Amino acid sequence: MEQVAIPRRKCFVLLVLVGLTACGHRNGPRAQTLRVRGSDTMLILAQAWAEAYGQMNRRVAVEVSGGGSGQGIAALLEGAIDIANCSRNLKPEEADAAQANTGKVPQEVIVGYDALAVFVHRDNPLEEISIAQLAEIYRVGGRLSRWSDLGVRIPAGRNRIVVVNRQSSSGTYEFFREHVLANRDFALGSLDMNGSKEVVDLIASTPGAIGYSGMAFATPVVKMLRVRRKSGDPAFAPTLANVLAHHYPISRSLLIYTLAEPRAMVGEYIHWLQSPTGQQIVADSGYVPVCSGKDLAPPCGAGTN
Amino acid sequence: MRRWHQLSEVAIEALIRLCGFSATIFVLGIFVFVCREAWPLWHNDAFHLSEFLFSIQWYPTSAVSKHYGVLAMIAGTFSVTLLAMTMAVPLGLGAAIYLGEFCPSRPREILKVLVEMLAAIPSVVWGFAGLTITSRLIVRYTSADVGVNLLNGALLLALMSLPIIVSLAEDALRAVPDEYREAALALGATRWQLTWRVLLPAARHGLVAAVLLGFGRAIGETMAVLMATGHAIHLPTSVFDPVRTLTANIAAELGEAPAKSTHYQVLFLTGVLLFLVTFAVNLTAGLIIRRERRP
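These protein sequence lines map, in sequence, to chains A and R.
The opening position of the first sequence corresponds to residue 1 in our numbering, with each subsequent residue numbered one higher.
The opening position of the second sequence corresponds to residue 1001 in our numbering, with each subsequent residue numbered one higher.
Everything labelled a hint here was simulated from the structure, so no lab data went into it.
Note that the coordinates shown come from a computational prediction; the quantities given were computed from them, not determined experimentally.
Glycine is no exception: its CB is placed at the ideal position from the N, C-alpha and C atoms.
A hint or two may mislead.
[Unchecked claim] With the Cβ distance kept under 8 Å, some of the chain A side facing chain R (calculated, not the full set):
no., residue
1, I44
2, S169
3, N183
4, G189
5, L202
[Claimed, not checked] Capping the alpha-carbon separation at 27 Å, the derived lysine-lysine pairs in DSS-like fashion look like this:
no., chain 1, residue 1, chain 2, residue 2
6, A, K91, A, K104
7, A, K197, A, K223
8, A, K104, R, K1112
9, R, K1112, R, K1260
10, R, K1260, A, K91
11, A, K91, A, K223
12, A, K91, R, K1066
Bound conformation, chain A alone:
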């Protein structure tokens, strides 16, 4: 009979354990979770938003991850997340896929603007570059492969241009391909980094490197180039004022996508992102805030909150 008694005791212990874990769940810290994924460019911004929102609203936990605009959109189409951050526009085939997979239409909201900054090592004497020169460095069959072709000499006798690029799931990569290369292909052989921060870090430690990322990733150890639209035009630095005045030639919208009729919680969050508080965080993260409408608007939240 002993053998029967032992299982009974075990059952009791098990029941107590189950009861305890259930209690733990009921007293969980947050009632609801909002999942955000996508653009690496927008990652620092999305994290700052999530932190500020979490302090203000104790009921909602905002989970943020990066991976690139493409990954965010792919996850949104599978219904795995609530909000996709995207530093490029949704492609028609992605909108179709969303409709086919989930039966819902993706909705777009502009939450800020960004200038695509071009970086070189801080010891590089180059100060300005044109869109055409950038294309010749990056495109397949491009004619610029040495710094001497651009008329500069790199310290330490290194002359080859080390082309730093982004992985193909990056919205920044696709934006650059569309607007700088006019949709031509990138040359093979570039160093394809997984994130904007990796791009900047690699350039900081590589004397002959050139690369691009969102303006917010600038650090004192790399040099941002002034960019001219075409030769003869003046060159402009990627600053807030130059983006708002349409002077800087490679600026873009920062977007978020949701599927149609998101949960109330998601709607509230997006509304908050567009509020002066949310837009102040855009400015604090190093990007350009937006008021309303499709076109670049005058600064609203910035500095006034």
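Once you have looked at the hints, place chain R on chain A.
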């Protein structure tokens, strides 16, 4: 009561048998799954096997014309692994000979624990070290244009496969019967002659298997090479060239590739290719070990 014992005996035996088979079931299951995901490529007109294997044009997301050639990544994988082996094999075998034959027993135990601790370092930590330490040293002290390159990745892979090579090679050397040592010493051989002429030939199967398993470890590594080799599609012509490996390419691109797209299927085919290579390497190592056990 006796019946209860018999029952539990049967149940436990079944459980243990299941555990034994589970490894096989998982390996087969993964292989079948990977093949199934890649299978629709046979009916896909946008995909050509010859382009896949023999072209370096990798443009899976091109806006103009998509190409799916992984030759540069095959070259990258093998060049970084082979370079790693040229560093890890002499070092690993040397360490194994020292530990097995020359080292006094107390320091040996400490050294063995330290070598095995190398295996416990997560690969992302290796990758980080490659990104922030060794790559900067390479830029500072060589003429390399960029620090994240073939040499940098191979250095990390060599250190990562070292513990496997050292432990297995040491086991192989210690498995050589003491009669061999005694006979050689009795004939007047020096310790060097004993090691070179007697022990290494006697343990050669085990040593080859150790090297092959180290090779298998290096070829399948992902995170460290993704971070440390520069991730550039390029046929390497020097040890300072950046490269991309098959594993790193899968890790970087699988998340974005829309499910069931050609890009997604090609990434799975890359997985099949890797699976076949590691399977062949491990099978060879296994056969060699078995041949040694059955003289």
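Hint check:
{"no.": "1", "hint": "I44", "result": "violated (20 Å)"}
{"no.": "2", "hint": "S169", "result": "holds (3 Å)"}
{"no.": "3", "hint": "N183", "result": "holds (4 Å)"}
{"no.": "4", "hint": "G189", "result": "holds (4 Å)"}
{"no.": "5", "hint": "L202", "result": "holds (7 Å)"}
{"no.": "6", "hint": "K91/A <-> K104/A", "result": "holds (15 Å)"}
{"no.": "7", "hint": "K197/A <-> K223/A", "result": "holds (14 Å)"}
{"no.": "8", "hint": "K104/A <-> K1112/R", "result": "violated (60 Å)"}
{"no.": "9", "hint": "K1112/R <-> K1260/R", "result": "violated (47 Å)"}
{"no.": "10", "hint": "K1260/R <-> K91/A", "result": "holds (18 Å)"}
{"no.": "11", "hint": "K91/A <-> K223/A", "result": "violated (33 Å)"}
{"no.": "12", "hint": "K91/A <-> K1066/R", "result": "holds (17 Å)"}
Against the hints set out earlier in the document, violations occur for numbers 1, 8, 9, 11.
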